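**Student:** Listed here are the chains, written in short residue letters.
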Amino acid sequence: MAEPSRVHRALDYEFTVAVEGDDALRAYVSRVFAALPSGTGEPVPWLVREREDHDGWELVVGADRQASGATAARLVPELVHRLNAIALPTWDGVVCHAGGVVREGVGIVLPADVESGKSTLTAGLVRAGFGYLTDEGVAFRRDTALIEPFPKPLSLDAGSWFLFPELEPDEDLGSDDYKREQWQVPPDAIRPGCVAGPCAARVVVFPQYVEDAASELVPMRRAEALIELAKNTFAFNQQSRFALEQLAEVIRAVDCFRLTVGALDDAVALIEDLVVSLPVGAHADV
Amino acid sequence: MSDRAEEQYAPARGAQVFTVVLDGDAVLLDESADRLHLLNHTGALLWQLYDGSTSLGMLADEVAAELGLDRARVVDDIVSITAQLANEGLIA
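So the sequences go chain by chain: A and B. According to the working numbering, the residues represented by the first sequence are 200 to 485, in order. According to the working numbering, the residues represented by the second sequence are 19 to 110, in order.
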């Protein structure tokens with residue numbers, strides 16, 4: 200029987216991961232999820248094991264097979280994707296499809312669709328010194344609207360690898376399947392100690408990558424931003440009035456912008472300048 | 019419908035519409051259709067004045083007097099905006 204990991208907590212979801220018969224993969228998975236805080240409740244057991252018919256490997260969550268692959272390494276991205284799909288709906292509050300970073304108490308929410316460069320921008324900001332909250336789901340606490348960190352590994356697609364060559368995973372897992380389509384990057388690999396604690400949102404920036412464009416930050420009206428944020432909220436229609444009220448509470452306290460992302464470094468510099476330019480009261484110790 | 023008839027119309031906000039006002043703009047959540055709508059300052063002001071008893075003519079009188087605008091033009095604008103909101107199913 201494989202030894203389970205410590206109890207990880209992902210928002211309101213707690214789980215352990217065990218890997219049968221592959222110590223290298225077990226160690227790598229442990230590093231991938233190292234930034235998640237420890238849980239104290241009844242965790243759901245996750246197990247990576249060889250299929251009974253010996254035709255590949257499978258990921259079993261509780262009693263359910265969630266994914267399968269030809270190699271155990273192939274299941275690494277599945278671990279992260281399944282965690283997003285399972286953990287985010289468990290949060291007792293609003294969760295937006297967004298990256299999240301913080302600097303000097305200024306929480307920055309980066310809502311965007313897939314393929315908009317959200318994780319790339321988040322990684323760039325963390326590399327530049329911002330604290331890491333998440334690259335996938337910004338969760339607002341129901342009572343205070345503070346952002347609850349969800350420090351999953353950053354999922355970097357192939358299109359951004361050239362920007363972060365130093366982050367390429369280099370593991371001896373018998374196969375490159377674990378990084379063939381997407382890199383799962385532990386936040387500490389970008390900058391040790393970068394994971395931040397809960398904070399208030401002070402800025403909402405809607406990024407959109409546009410090839411060869413000049414990076415540009417343009418203010419938005421709050422009402423327009425509220426609608427965009429609602430469109431990027433998980434399961435908005437299942438709790439629409441509550442969600443809109445909570446998002447409005449967030450939006451009232453923030454400045455809102457659209458960010459055209461051309462060169463990553465230019466976009467990062469724009470956000471750095473934005474944080475510096477905010478009124479003193481916008482910066483809070485957390 | 020003639021202009022005179024339109025002026026007598028007293029719209030009310032839909033019961034299934036939840037409103038958030040931000041910096042004078044408004045976001046409307048139509049819970050019956052799960053749709054969001056954005057209103058600019060003018061639309062938001064008008065929306066908040068819809069009470070089911072104040073007619074468009076009365077609203078036009080107030081707006082024209084308050085802002086010193088030509089009443090006929092104000093009526094045109096108010097009728098147009100109201101028609102758009104009605105077409106979206108937002109008005110009772």
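It is worth saying that the hints were derived from the structure and are not from the lab. Every value quoted in this text rests on a predicted model; they were computed, and no experiment measured them. For each residue, glycine too, the CB sits at the ideal point set by N, CA and C. Keep in mind that a hint or two might mislead.
Residues of chain A placed beyond 10 Å of chain B at every Cβ, according to the derived structure [claimed, not checked]:
#, residue
1, Tyr212
2, Pro364
3, Asp369
4, Gly396
5, Ala429
6, Ser439
FRET-style restraints, in silico, Cβ to Cβ [said to hold, decoys possible]:
#, chain 1, residue 1, chain 2, residue 2, range
7, B, Ser98, A, Arg457, 36 to 44 Å
8, B, Leu67, A, Val259, 53 to 61 Å
9, B, Ser50, A, Ala468, 39 to 47 Å
10, A, Ala412, B, Ser71, 29 to 37 Å
11, A, Trp360, B, Leu67, 54 to 62 Å
Examples of chain A residues lying across from chain B (beta carbon under 8 Å, computed) [stated by the list, open to error]:
#, residue
12, Arg250
13, Leu416
14, Arg420
15, Ala422
16, Glu423
17, Ile450
**Student:** Now tell me if each hint is right for this structure.
**Tutor:** Structure-based check of all given hints:
1. Here A:Tyr212 stays apart from chain B, with its beta-carbon at least about 27 Å from theirs, past the 10 Å limit.
2. Consistency note on A:Pro364: stated as away from chain B, and its beta-carbon is indeed over 10 Å from all of that chain's, at 42 Å minimum.
3. With a cut of 10 Å on Cβ distances, A:Asp369 stays outside the contact zone with chain B, its closest approach being about 46 Å.
4. Separation of A:Gly396 from chain B is adequate, the least Cβ-Cβ distance of about 28 Å exceeding the 10 Å criterion.
5. A cut-off of 10 Å between C-beta atoms contradicts the statement that A:Ala429 is not in contact with chain B; the least separation is 6 Å.
6. Not every beta carbon of chain B lies more than 10 Å from that of A:Ser439, the smallest distance being close to 6 Å; the non-interface claim is violated.
7. For B:Ser98 and A:Arg457, the hinted distance range of 36 to 44 Å is not satisfied, since their beta carbons lie about 29 Å from each other.
8. Evaluation of the 53 to 61 Å hint for B:Leu67 and A:Val259 yields a pass: the beta carbon distance comes to about 59 Å.
9. B:Ser50 and A:Ala468 have their C-beta atoms about 46 Å apart, which keeps the hinted 39 to 47 Å range intact.
10. In this structure the supplied range 29 to 37 Å is violated for A:Ala412 paired with B:Ser71, their Cβ-Cβ distance being about 52 Å.
11. Roughly 55 Å separates the CB atoms of A:Trp360 and B:Leu67, a value that falls within the hinted 54 to 62 Å.
12. For the restraint placing A:Arg250 at the interface with chain B, the shortest Cβ-Cβ distance is roughly 41 Å, beyond the 8 Å limit, so the hint is violated.
13. The interface hint given for A:Leu416 is violated, since its Cβ lies 19 Å from the closest Cβ of chain B, which is over the 8 Å cut-off.
14. Hint status for A:Arg420: holds, given a least beta-carbon distance of 6 Å to chain B, under 8 Å.
15. For A:Ala422, the interface hint holds, since its Cβ comes within 8 Å of a Cβ in chain B; the closest pair sits about 4 Å apart.
16. Checking A:Glu423 against chain B: minimum C-beta separation of about 6 Å stays under 8 Å; hint holds.
17. Satisfaction of the interface hint for A:Ile450 is found here, the shortest Cβ-Cβ separation to chain B being roughly 6 Å, below the 8 Å cut-off.
Of the hints listed earlier, those the structure fails to meet are numbers 5, 6, 7, 10, 12, 13, in rising order.
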